[in-house]
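**Q** Residues per chain are reported as follows:
There are 2 protein chains.
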Amino acid sequence: MAEADNFFRDTPEPPNFVEKKRKIEEFVARHSNGDTPVVLVTSGGTNVPLEGNTVRFIDNFSIGTRGSASAEYFLEHGYAVIFLHRGRSLQPFTRHLPQRQLLDILEVQTGASGENQLCVKHDQSKTLFAVVEKYQKVQNEGRLLMVDFTSLTDYLHLLRASSLIMDKLGNKAFLYLAAAVSDFYIPRDKMPLHKVQSSNGPLQLSLELVPKMLDALVKNWVCSAYVVSFKLETDPNLLIMKAQQALEKYEHQLVIGNVLDTRKIEVVFVTNNDEQWIKLEQEEIDTGVEIESKIVTSLVERHRQFLNE
Amino acid sequence: MAEADNFFRDTPEPPNFVEKKRKIEEFVARHSNGDTPVVLVTSGGTNVPLEGNTVRFIDNFSIGTRGSASAEYFLEHGYAVIFLHRGRSLQPFTRHLPQRQLLDILEVQTGASGENQLCVKHDQSKTLFAVVEKYQKVQNEGRLLMVDFTSLTDYLHLLRASSLIMDKLGNKAFLYLAAAVSDFYIPRDKMPLHKVQSSNGPLQLSLELVPKMLDALVKNWVCSAYVVSFKLETDPNLLIMKAQQALEKYEHQLVIGNVLDTRKIEVVFVTNNDEQWIKLEQEEIDTGVEIESKIVTSLVERHRQFLNE
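Same order as they appear, the protein sequences are chains P and W.
Here our numbering is used: the first residue of the first sequence is 1, the next is one more, and so on.
Here our numbering is used: the first residue of the second sequence is 1, the next is one more, and so on.
So that you can see chain P by itself, here it is in the shape it has in the complex (with noise of 0.2 Å):
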């Protein structure tokens, strides 16, 4: 814990941390009462800089297809839901939207009263119109916080922000802690001030361990909550064996295991009763099921009977 306690003093602050404590307080305090659980769903990759005036980072392969994608579920299911991402990486609903090809889906239309409009072209609406509708009614119930990092340190003490701030909401809070968090870093104080030169040669780096977060978070921050955490190998000989490792060590509720290679379509379900694999039929993926449908609607089923017990 003191490990956990040392990082935050070492490391700064978010940008703009204050305002960003203050929509989380502002929309818990809004959810507190009533049945509406909420769920904190972090997603997307941290990046660790390498130097001061950064110009390099480590940084990983997610890009929040997992975190957009069951946020969206989340709220189907009727949750108030956090979405703690990575600044630029996927976001519920405008995932949807295609980045390039939105201009060329607009066009100039005269409207009703004669003036010109942008409109989306006929045949591409009807896709995007369930989008729309859905996004809109989520913003018009205020049920969907956006909360963006972008380094290691943003993430985490965001994490704790958050969690400490839902601790009131007991076990009405659920934590999905999709995010693909950096497990090395350069502290500040090891980190060089300015861009490293290539004129000085090949480069060796130094990385430290993270402190793992998850210890301080179920034991500390969030003490009734129903915390999940995923475990991504690229080896499946792994998997089951990491997941229950993490189960055993933090003593939260549940660890879902992937690989790399296969996580679109299957992912396995650890808690100390059992393991439960979720995976997609030949069928679903032909017809574009989304393997978070499935995972967010086990989950939630989970969470009811955790909230019975």
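What you were told as hints is all true, and nothing was included just to trick you.
Simulated restraints on C-beta separations:
#1 P/Gly87 <-> W/His194: 24 to 32 Å
#2 P/Asn140 <-> W/Thr110: 14 to 22 Å
#3 W/Lys23 <-> P/Glu3: 46 to 54 Å
With a straight-line cut-off of 25 Å between C-alpha atoms, the simulated PhoX-like cross-links for lysine-lysine are:
#4 P/Lys212 <-> P/Lys21
#5 W/Lys126 <-> P/Lys121
#6 P/Lys121 <-> W/Lys137
#7 W/Lys134 <-> P/Lys121
#8 P/Lys134 <-> W/Lys121
#9 P/Lys126 <-> W/Lys121
Partner residues aside, some chain W positions facing chain P, computed with beta carbon under 7 Å:
#10 Ile58
#11 Val120
#12 Ser198
#13 Asp235
Derived from the structure by calculation, the hints contain no laboratory data.
Note that beta-carbon positions come from the ideal geometry of N, C-alpha and C, so glycine has one too.
Given chain P, work out where chain W should sit, using these hints.
**A** Structure of chain W alone, referenced to chain P:
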């Protein structure tokens, strides 16, 4: 030169390489006759994988602001543009679309025919009209080709391929190398296959220097083109010297020097003959003038003179 050749021999070609080369060939062929100059604008950062089954990368700060803005100004000056950019980084035209707020500015309207359609809310439309019109004009004239890369090796293979194809354009070819290219990498045979485990303790990384390709580009790939490279530093005291060193080493036409913190308001053009600072006046900053408009206007004039030599 042997170093560059070995690099290409020892590194994988990018995905869809044959298709991408075909599109570049076709684009250049279409603009070979006539007066339209063709610029290769490179944009965004390259990443360097740290594992064979890649979970982690070294990446850099660049999101393609310089390149995407510059591409638009080259298009305005009548150039055909090959936009060789980091996938998911900023692109010409779409960079003006608000990612998040896009769903806030669309609404369902009833069209003239009584049908529902998705349109941009009236008060948001004006700014977007100009963008959509410019984009669609450029598309109709076939003057913009988008080619994407992700890793350092993707980028260098595509840079070489594009340059070799553009060689037939002689001095009509302009290379605007704004991409932030990794200086360091891990050769494939020195990379671990699987995700590095944090249970192994602190991490030591050894990175080798990437061969400087500008030499091969200027002397072998596009010998008659107008070549502009960038030099970014965090320490202003190094800027002019490093820019001059690059120019002497590679013998191309111009180096644009910029300091990380001030790159959006000032740059310096370094040539054999002169050092010319291009800066935004306070009034220009206040009215949203982009420095790239001034950069490109100056470069287009220099290219015009180069064409007349």
